[in-house]
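So the protein sequences, as listed, match chains D and U. Residue numbering for the first sequence follows numbering that gives the first Met the number 0, beginning at 0 and increasing consecutively. Residue numbering for the second sequence follows numbering that gives the first Met the number 0, beginning at 0 and increasing consecutively.
DSSO-like mimics (lysine-lysine), calculated; alpha carbons at most 27 Å apart, straight line:
| id | chain 1 | residue 1 | chain 2 | residue 2 |
| --- | --- | --- | --- | --- |
| 1 | D | K64 | D | K134 |
| 2 | D | K7 | U | K64 |
| 3 | D | K157 | U | K157 |
| 4 | U | K26 | D | K28 |
| 5 | D | K64 | D | K157 |
| 6 | D | K64 | U | K7 |
I should point out that these hints are in silico values taken from the structure, not numbers from a laboratory. These numbers come from a predicted model, not from an experiment.
There are 2 protein chains.
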Amino acid sequence: MAATEDRKWKILESTRLFERPWLTVRKDKVELPSGQINEEFYVLEYPDWINVIAITEDGLFVMEKQYRHGIGEMSYEICAGVIEEGETPLEAAKRELLEETGYGEGEWEESMVISGNASTTNNFTHSFIARGVKKISSQHLDRTEDIEPILMNVEQVKELLVSDKIKQSLMAAPMWKFFATEGLL
Amino acid sequence: MAATEDRKWKILESTRLFERPWLTVRKDKVELPSGQINEEFYVLEYPDWINVIAITEDGLFVMEKQYRHGIGEMSYEICAGVIEEGETPLEAAKRELLEETGYGEGEWEESMVISGNASTTNNFTHSFIARGVKKISSQHLDRTEDIEPILMNVEQVKELLVSDKIKQSLMAAPMWKFFATEGLL
Numbered sequence: 000m001a002a003t004e005d006r007k008w009k010i011l012e013s014t015r016l017f018e019r020p021w022l023t024v025r026k027d028k029v030e031l032p033s034g035q036i037n038e039e040f041y042v043l044e045y046p047d048w049i050n051v052i053a054i055t056e057d058g059l060f061v062m063e064k065q066y067r068h069g070i071g072e073m074s075y076e077i078c079a080g081v082i083e084e085g086e087t088p089l090e091a092a093k094r095e096l097l098e099e100t101g102y103g104e105g106e107w108e109e110s111m112v113i114s115g116n117a118s119t120t121n122n123f124t125h126s127f128i129a130r131g132v133k134k135i136s137s138q139h140l141d142r143t144e145d146i147e148p149i150l151m152n153v154e155q156v157k158e159l160l161v162s163d164k165i166k167q168s169l170m171a172a173p174m175w176k177f178f179a180t181e182g183l184l
Numbered sequence: 000m001a002a003t004e005d006r007k008w009k010i011l012e013s014t015r016l017f018e019r020p021w022l023t024v025r026k027d028k029v030e031l032p033s034g035q036i037n038e039e040f041y042v043l044e045y046p047d048w049i050n051v052i053a054i055t056e057d058g059l060f061v062m063e064k065q066y067r068h069g070i071g072e073m074s075y076e077i078c079a080g081v082i083e084e085g086e087t088p089l090e091a092a093k094r095e096l097l098e099e100t101g102y103g104e105g106e107w108e109e110s111m112v113i114s115g116n117a118s119t120t121n122n123f124t125h126s127f128i129a130r131g132v133k134k135i136s137s138q139h140l141d142r143t144e145d146i147e148p149i150l151m152n153v154e155q156v157k158e159l160l161v162s163d164k165i166k167q168s169l170m171a172a173p174m175w176k177f178f179a180t181e182g183l184l
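Whole structure, please, built from the sequences with the hints as guidance.
Here you go:
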């Protein structure tokens, strides 16, 4: 097989088909290393995202319950959001946790950087662990957000995880990593 | 807070904006339980997907190396694909593994069902574990697929996982789950 550097697809044409605040669709005409042409390859362009496994001083996880219109179901989640222009991933993560739950402070570390779909999306999600957070303000949601924060103990979160109730893979991956590497399973 | 059943968003209008073989975009006008209206909520419609953690009789993992145009990088992956009409998730998983790698047979179980993005996509990914697979045919790729199968031992796959080289969250989540629950970390 060809070396890695030879495997990149060549973009022959690129058009932005659709551009709205929450959805940007790019259409690329690409040439594969084999010489094959793909006339229409769609890439969804997004800013990078963050999410946060936040744990209080008392060892409780700051979880969220939220209706998710894509799958049409209620979903148990961790705090997640978009990195705004000019923000670092860490700044965005701290801001989102404060807005969605009112929790802040604590010790923060980045635990992994992953893609929701490496084929069709161009962005990455930076996942953080925040230990020792405290309730320091009230919740401040956007007009169309509908998020219910819930504190859960480690056994309750583990139960969600092992019973596959953490449906969103961008959250399930760092949560499995955290539970596995912390010896919590 | 309202009960779960009261939290569902009401679809006031729904239009399919864009419909191509690899991308369908739906635009919904929705009403939240709060009464707030969101004039444009975009949902990406896909068929359900599968992926497979496949392990040979000799304990080697059937991995793949593939260029991913969304993130513009080479990616270490497990076998993944689309469930075709009329197929069960298991049938699709067996077909995809055979097409992409030439491996088949063995003992199969479904390990988890997750969403790439519960907010913006309407589909689920069924993740399988296949133990004791054998090389039973040659690879049969679609014209625009460019997949290099690689056999790796457990230490090599663990190294990919702990160093965050499994970039796709739909693969990282079931792989972390597998390594954690099998005691391989």
